[in-house]
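Trainee: One-letter residues, chain by chain:
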Amino acid sequence: MTSRLNPASEHSAEIPGYPMDRAAGCPFDPPPALRAKQQEGPLAKVRLWDGSTPWLVTRYAEQRALLADPRVSADISRPGYPSSAPVNGSSTVSFILMDDPEHARLRRMVTAPFTIKRVEALRPAVQKIVDDLIDDMLAGSKPVDLVEAFALPVPSLVICELLGVPYTDHDFFQDNSKTVIKRDASPEQRMAALGHLSGYLNNLLDEKLANPGDDMLSRLTERIKAGELSRQEAAQMGVLLLIAGHETTANMIALGTLALLENPDQLALLRDTDDEKLVVSAVEELLRYLHITHNGRRRVALEDIEIAGQLIRAGDGLIMANDIGNRDPDAFPDPDRLDIRRDARHHVAFGFGVHQCLGQPLARLELQVVYSTLYRRIPTLRLAADLEQIPFKHDGSVYGVYELPVTW
Amino acid sequence: MKVTIDQDKCVASGQCVVAAADVFDQRDEDGIAVLLNPDPPAEQAADVRHAAVVCPALAIHIEE
Numbered sequence: 001m002t003s004r005l006n007p008a009s010e011h012s013a014e015i016p017g018y019p020m021d022r023a024a025g026c027p028f029d030p031p032p033a034l035r036a037k038q039q040e041g042p043l044a045k046v047r048l049w050d051g052s053t054p055w056l057v058t059r060y061a062e063q064r065a066l067l068a069d070p071r072v073s074a075d076i077s078r079p080g081y082p083s084s085a086p087v088n089g090s091s092t093v094s095f096i097l098m099d100d101p102e103h104a105r106l107r108r109m110v111t112a113p114f115t116i117k118r119v120e121a122l123r124p125a126v127q128k129i130v131d132d133l134i135d136d137m138l139a140g141s142k143p144v145d146l147v148e149a150f151a152l153p154v155p156s157l158v159i160c161e162l163l164g165v166p167y168t169d170h171d172f173f174q175d176n177s178k179t180v181i182k183r184d185a186s187p188e189q190r191m192a193a194l195g196h197l198s199g200y201l202n203n204l205l206d207e208k209l210a211n212p213g214d215d216m217l218s219r220l221t222e223r224i225k226a227g228e229l230s231r232q233e234a235a236q237m238g239v240l241l242l243i244a245g246h247e248t249t250a251n252m253i254a255l256g257t258l259a260l261l262e263n264p265d266q267l268a269l270l271r272d273t274d275d276e277k278l279v280v281s282a283v284e285e286l287l288r289y290l291h292i293t294h295n296g297r298r299r300v301a302l303e304d305i306e307i308a309g310q311l312i313r314a315g316d317g318l319i320m321a322n323d324i325g326n327r328d329p330d331a332f333p334d335p336d337r338l339d340i341r342r343d344a345r346h347h348v349a350f351g352f353g354v355h356q357c358l359g360q361p362l363a364r365l366e367l368q369v370v371y372s373t374l375y376r377r378i379p380t381l382r383l384a385a386d387l388e389q390i391p392f393k394h395d396g397s398v399y400g401v402y403e404l405p406v407t408w
Numbered sequence: 001m002k003v004t005i006d007q008d009k010c011v012a013s014g015q016c017v018v019a020a021a022d023v024f025d026q027r028d029e030d031g032i033a034v035l036l037n038p039d040p041p042a043e044q045a046a047d048v049r050h051a052a053v054v055c056p057a058l059a060i061h062i063e064e
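So the sequence lines, in the order shown, correspond to chains Z and R.
Going letter by letter, the first sequence gives residues 1 to 408 in UniProt numbering.
Going letter by letter, the second sequence gives residues 1 to 64 in UniProt numbering.
Chain R on its own, in the form it takes in the complex:
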């Protein structure tokens, strides 16, 4: 699984952090999403897919 995020689209909802805290974080200054691991292990895949589903800005892209 390859994950990318679009920080220009991100609206800092933090939903990705709630869904998969090992893969996503937020910048302190404005809450914009930061990718901690673009290549998450298989056991985190379901959480990352869920993060992409609930991202209100459709800013998370996944290549399986």
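Pulled out of the complex, with its shape left as it was, chain Z reads as follows:
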């Protein structure tokens, strides 16, 4: 990695590259170099693909403070913003990369379907999706790839239903989503995939304008008609919700299952319990422990900020590495142990501050249903390959497994 970086200062040799690599044989743990930085202190400089040297924020308390600080911007177009890849034009920017008041205006247009009550009302429908997919798996041949047969279909079916996207198009949107979130996709590849997705969403919006249904895209077309939302903004929101709605949860289902299979005492606790509170607690702990969004949450300082005895200058880039924040021993005792009985509810797997994940109630519901159903219905579920053979998504901005061969 360092070979293609251009040393820009005399101290460059001391500044590590970011993102960092995980250790071989430790697929659930953050990179050792990240842990080392956390032990040294809450802030450190890192070097990115473009040679820039933003601050890496490694500790839980400082991460939360900065993510909630109005002097910190998520606007990718500001100088100093620590981009994870070459920036490819403003046409693809959704509200997750904007500041208030624009961010709040757009976000509030899509918050209604994600209230706790509305999401909870989906539980029977999600349970049926999960049960039907398990029925299909049990009726089919084995071994089976759990990603293809279960982990991807569950959240894809749910978000399609919610948005009003035909599930029959799942190959198309899943393939393009993969390219968008691939760490090493070229800007051209990423642009093309986003272009395909926004073209697709634009066509769907046309259909919903003509024939509205009971779904989120149809609600967005009402906003377009009322002049509250531009056509382009609506399509960008659709792309964001479609990608975020299936990729992250799919990875939590497959990687969470692998983590439980590798921690059989925890799997047994979860499988054998009648206590729904333990299921809820297991979901929070797996979100904390696995923390799949391993590219850091990226911001830029709008003003000088003093934190932890360090002066961050206006215009300095900030990367909150929430994966190591969720392993901060000051926030979570014995942080590297998967313990589904611990209280992990204060984790930052969904981020913190005004940009915290919009779909978290839905993700929690899906994971609660999956984790409380899959291992009870297939109690002998086991890996059909060695752990060393499992292909991990080291090259994705969302971590997980590409395939998970299982049998029973």
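Hints listed in this document are in silico derivations from the structure and should not be mistaken for laboratory results.
Heads up, some of the hints might be wrong.
Calculated cross-link-like contacts (lysine to aspartate or glutamate; reagent style EDC-like; alpha-carbon spacing at most 20 Å) [to be verified]:
1. Z:Lys117 / R:Asp25
2. Z:Lys117 / R:Glu29
3. Z:Lys117 / R:Glu64
4. Z:Lys277 / R:Asp47
5. R:Lys9 / Z:Asp100
Non-contacting residues of chain Z with respect to chain R, defined by C-beta distances greater than 12 Å in every case (computed) [claimed, not checked]:
6. Pro27
7. Val110
8. Met137
9. Val144
10. Val180
11. Asp215
12. Gly227
13. Gln232
14. Asp304
15. Leu311
16. Asp334
17. Phe392
18. Tyr402
Predicted model only: the values in this text are computed from it and were never measured.
From the three backbone atoms N, C-alpha and C, an ideal C-beta is built for every residue, glycine too.
We have chain Z; now place chain R onto it with these hints.
Mentor: Chain R only, in chain Z's frame:
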């Protein structure tokens, strides 16, 4: 315990409802938090404090 919420800061994450459903609710139209009880009883105090901790927008204020 006196509880106040700042609806302008709220980002509708619903974390307060998960933590303390007797004290917090959400508006149907946009999910913004609504305070059901600004003076919760002692047995709910721990849940309300937790709600304030997990609120991503720091929109819940508590006076003990």
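Trainee: Next step is simple, just say for each hint if it's right about the structure.
Mentor: Now for the hints, and whether the structure bears them out:
no.	hint	in the structure
1	Z:Lys117 / R:Asp25	9 Å, holds
2	Z:Lys117 / R:Glu29	12 Å, holds
3	Z:Lys117 / R:Glu64	29 Å, violated
4	Z:Lys277 / R:Asp47	15 Å, holds
5	R:Lys9 / Z:Asp100	10 Å, holds
6	Pro27	28 Å, holds
7	Val110	9 Å, violated
8	Met137	31 Å, holds
9	Val144	34 Å, holds
10	Val180	24 Å, holds
11	Asp215	17 Å, holds
12	Gly227	18 Å, holds
13	Gln232	22 Å, holds
14	Asp304	21 Å, holds
15	Leu311	23 Å, holds
16	Asp334	20 Å, holds
17	Phe392	29 Å, holds
18	Tyr402	31 Å, holds
Comparing the model with each earlier hint shows violations of hints 3, 7; every other hint is respected.
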